[in-house]
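Using the hints provided, position chain E relative to the given structure of chain U.
One line per chain: the protein sequences are U and E, in this order. Residue numbers for the first sequence, in our numbering: 1 to 361. Residue numbers for the second sequence, in our numbering: 1 to 361.
Each statement offered as a hint is correct.
Put simply, identical chains are the same to the list, so a pair is met inside one copy or across any two.
Within a straight-line C-alpha distance of at most 25 angstroms, the following computed PhoX-like cross-link-like pairs (lysine-lysine) qualify:
id: 1; residue 1: 156; residue 2: 121
id: 2; residue 1: 35; residue 2: 313
id: 3; residue 1: 79; residue 2: 156
id: 4; residue 1: 285; residue 2: 328
If you are wondering where the hints come from, they were derived from the structure by calculation, not from laboratory data.
Number of protein chains: 2
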Amino acid sequence: MNTKLLLTPGPTTIPERITEAMQVSGLHHRSQEFKKLFLEVTSGLKELLGCAHNPVLITGSGTAAMEASLAGVVPVGAKVLVLRAGKFGERWSEMAARLGFKLVELEAEYGSTFSPAEIEKRLLNNPDIKAVCFQYCETSTGAIHNAAEIISLTNKITPDALTLLDAITAIGTLEVNISELGADALIGGSQKALMLPPGLSFVALSDRAVQMLEQVESPAYYLNLRREFKSQLDGSTAWTPAISIIAGLKEALAMIREETPERVFMRHAQLAEATRSGLKELGFKLLAEECPAPGVTAAFPPAGINADELRMKLLKEDHIQIAGGQGKLKGKIIRVGHMGYVFPGDICRLFEAFESVISNR
Amino acid sequence: MNTKLLLTPGPTTIPERITEAMQVSGLHHRSQEFKKLFLEVTSGLKELLGCAHNPVLITGSGTAAMEASLAGVVPVGAKVLVLRAGKFGERWSEMAARLGFKLVELEAEYGSTFSPAEIEKRLLNNPDIKAVCFQYCETSTGAIHNAAEIISLTNKITPDALTLLDAITAIGTLEVNISELGADALIGGSQKALMLPPGLSFVALSDRAVQMLEQVESPAYYLNLRREFKSQLDGSTAWTPAISIIAGLKEALAMIREETPERVFMRHAQLAEATRSGLKELGFKLLAEECPAPGVTAAFPPAGINADELRMKLLKEDHIQIAGGQGKLKGKIIRVGHMGYVFPGDICRLFEAFESVISNR
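Okay, chain U solo, but in the shape it has when bound (with noise of 0.2 angstroms):
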C-alpha cells in the first residue's frame, strides 16, 4: 500500500529529520539551552523575512499571530482597511468587528484579486485609516494579491496607515521580504511551507510597528504582543511556548538553508506550474487563473465530477489528500496544497491518482 501523500493547504507534510528534531524532552523553556535554541531560531526566521527586529513567536494558531498583530500595533477603535477576497480575509473582518475596530471593506471575487483603482478610492475615501490588512496568499481560493503594488499604493496614499500582511500560506512559497514590501506587520504559521505540525505562529514587525507596541494599549493578554516582543528580545517567551515545535523550526530553517531559500522557491513555483498545467489538462477549471498562488491551486472539476467524491475517492483508493472548498465554495472545488515538504514525484503521484479515478468513472 501506497504510503499517505498529504497535498492539503496546511497542515502539510513534517518530514523525518523535523520530527526527530521536535523530541525534545527534558527541555525546559527557562533553561540557557532553550533560550540559544529560541534565539536561534528567531534570527533565522529573521534572516529568511528580511527584517531588522526577531520575529515575535506566539504559541496558538495563525488567527492567534493575526489577532496579536491588529490588537498590538493598532489602537482598538482605529479604522481598518480590510481587503478580502476568500474565508481569511473575511477572517480579517470578522476578527477587526470583534476586537472593536471601525471596519471599512473591499471585496473582491473568490479566485480574483483587487483592482488597484479601486484600493485607491477606498485609501482616498478613508484618509483616517490607521491600517489595512489583506493576505498575500488566500489560501481557500489559490490566488495570491500583489502585495508590494498594496503596500506601496497605502504607503503613498495614506502614510500613517500600517500594513498587515497574513503571509502564512506565502511563507518559504516565495521571497517575503518584509523590509523590500515596506509591510509593517507579517504573521506566519507553522504549518504550511515550514513543514511543521499546527500550533505556533509568528509575526515579523517593522521599526514603525516596533514603535506602535509601545504607544498602542492592546487589550489582550495572552496575546500582547508588545510583552511577548519585550520578553522574546533575550530568548525569553511570555508564557510557556510550544517547546517541541520552535525546536522543529530550527530544524525546518536548516533544511531550507541548506537547499537554498532561491531553490525551494523555485521549486515551489514548478510544483504550482505543473498543477496547474495538469489540471487544465484533465478539464479542470482553475479558481485564480489570473493570479495563482505558489503553494496551492484550487479547480472546479471537469463537467460531471463532484468534487467531494473524487477527494473521497482518491482519498480511500489512492492514500492521497487534498483539501476541498471553504465557505461559499464548500462542494464545488478542490484545493492542492504543494507546499514545504513537496517534490515534482507527489505531483506525478497525484496525477497518476487524478487520472485513474477520473477515467474509472
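Just chain E, lined up with the frame of chain U:
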C-alpha cells in the same frame, strides 16, 4: 553519563510512548480520522475530570485557557474576586485587570493558603462579585488550596458567582472532579502531569458556565470560548489545532487509564511525601509546610547553601534539572516537580545527587 532527568513543575518528562503517538505527519484536522481522535480525547478528559460536557481544547499555554474562561463566562466589567498566594494567583489579577474586570483580591503569603474566615469576609462584603478565581495548586510555591471548601463557601455566600479554578498543576496529580467540587470552569494544561509538550490547554465547564457562555459576549476572537465550545461539539476546532499534542494526549489518557487514576494519584502522593521528608532530613525548610501540593515541592535550602548554585550544580554534575523561585522568591528556593512520568527511582536519584552536592561543598 546519566540521561537528563527533568524534575521541574512543567514542562515534564515526555514518555517514549507519547513521543511516538505524536508523530502524526499526514493527519489533517478536518478529516474524519482526526475528528474521531479529537472526540476520543475530549471524552477521555471528560471522564478524568468528571464533567457533564466535553472540555474545550485551546491551542495555547494554560494562560490562554485562563483568559478564554474568564472572558468567556464572566461579562467584562463585572467584579471578580481573585485569591492570590503566588505568581499564578497574581496572573489571575493581572489578567482580570487587563481585560477590564473590577478586581477584589484576597492575598495570602507565598507558601500559605487562604483563611476561610477571610474568604467569607470578602464574599460578604462583595455580594455583587460574579466570579472567584484561584489556583488548585500554586506552582510557584508548591501550595495546595482547599478548592472544595473555597467553592462551597462561594456557592453558599455568593451563589451567583462562578468559580474559575486553575487546576493546571493539579490535574493528574490528585482527583480533580469538577462535579464533586462544584466548580464552574476547570483549567488544565498539557505540559504538567499529562506528560506532553507545552502548547495545548483546556477548560472543563459546568452546566451554568455553559449557559453563561451563551449570554456573555467575550471580547476575544482567537480565545473565544463559545465559538470553540460549539465548534468542538462534533470534533471540529474553530482554528487549526495543535494536532500532534492532541494525538499525544490520547496516549497520555490511555496511560493514566492503564495505571488507573487512583494509582496515579497515589504515586503522586507518595512521591510528594518522599520528597518532603527527604528535603527535611537534609535540612531544607519547606515553603508550603501546612498545605503541600502533590505535584511540586518548594523549599529553602539549608543555611549556607545558595539555591541557584545548588540547582546549577545538580544540572551540571548530575544532569538533573529542578526549578528555582519565581517572583519574589527568585534565587531563594528550589522547586522540585514530581508530576507526570516520575517514579520513586527518579526521586532516589535526585536525593543521591542532593546528598553528594551538599556533602561535597
